[in-house]
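Undergrad: Listed below, chain by chain, are the residues.
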Amino acid sequence: DAGVIQSPRHEVTEMGQEVTLRCKPISGHDYLFWYRQTMMRGLELLIYFNNNVPIDDSGMPEDRFSAKMPNASFSTLKIQPSEPRDSAVYFCASSSGRKAFFGQGTRLTVV
Amino acid sequence: DAKTTQPPSMDCAEGRAANLPCNHSTISGNEYVYWYRQIHSQGPQYIIHGLKNNETNEMASLIITEDRKSSTLILPHATLRDTAVYYCIVRASNTGNQFYFGTGTSLTVIP
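Those protein sequences? They're chains G and A, same order as listed.
Under the working numbering, the first residue of the first sequence carries the number 22, and numbering increases by one thereafter.
Under the working numbering, the first residue of the second sequence carries the number 359, and numbering increases by one thereafter.
In isolation and in its complexed conformation, chain G is listed as follows (with noise of 0.2 Å):
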């Protein structure tokens, strides 16, 4: 299996901007989680879904925000508008019970 596959790596936009992140799981696996990475906060879950559905969403930060997953082999996470605050490294992670899988990353700059 080539693990959980992330794209684009890199991203630069404006402000004001749509982005979207997205992400494959690993095939098989029943859980996805999205997180976010910065220095001041370290690493975040923003949302989880189990079986396509979002499980809980607290940790997504706002409005901004979204997520879905129309299917067990792809999810998006979206930002919409995109503020310079939202610089970050986006993981995607994937597990199928014990442990969890988690891909290279997007690292989006918003400038």
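For the record, the hints were derived by calculation from the structure and aren't laboratory data.
Be careful, since some hints might not be right.
What the hints assert, rightly or not - Each computed DSSO-like pair below joins lysine-lysine, with the alpha-carbon atoms no more than 30 Å apart:
1. K120/G x K427/A
2. K45/G x K99/G
3. K89/G x K120/G
4. K427/A x K361/A
5. K361/A x K120/G
6. K89/G x K45/G
7. K410/A x K361/A
8. K427/A x K410/A
9. K410/A x K120/G
Fit chain A to the known structure of chain G by using the hints.
TA: Same frame as chain G, now just chain A:
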């Protein structure tokens, strides 16, 4: 929320054993201890986990005290590639599969 306490940083000589401590004094009976590491902004990587018995795999050993209030991750022969931030996480398997990361220990392996 992170329920663990780790030293912020440690050094270890190359080739020696690295012993990384973690306190989890409020751990519940159904909570596992997990260790992940993150190498230079890559996605976190699973190392090992355990409930109450000591565990060993090809990467490391996990020693959990009898009262389960603390544990130690042991890298038997540290190499320069083991330089990373190591996260100790306490997680219940029956209350959702999310992982909450604390601040971790930054381990530097010195040549």
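Undergrad: With reference to the structure, classify each hint as holding or not holding.
TA: A quick look at each hint next to the structure:
no.: 1; hint: K120/G x K427/A; verdict: holds (22 Å)
no.: 2; hint: K45/G x K99/G; verdict: holds (15 Å)
no.: 3; hint: K89/G x K120/G; verdict: holds (22 Å)
no.: 4; hint: K427/A x K361/A; verdict: holds (11 Å)
no.: 5; hint: K361/A x K120/G; verdict: holds (18 Å)
no.: 6; hint: K89/G x K45/G; verdict: holds (12 Å)
no.: 7; hint: K410/A x K361/A; verdict: holds (17 Å)
no.: 8; hint: K427/A x K410/A; verdict: holds (10 Å)
no.: 9; hint: K410/A x K120/G; verdict: holds (17 Å)
In this structure, every one of the numbered hints holds.
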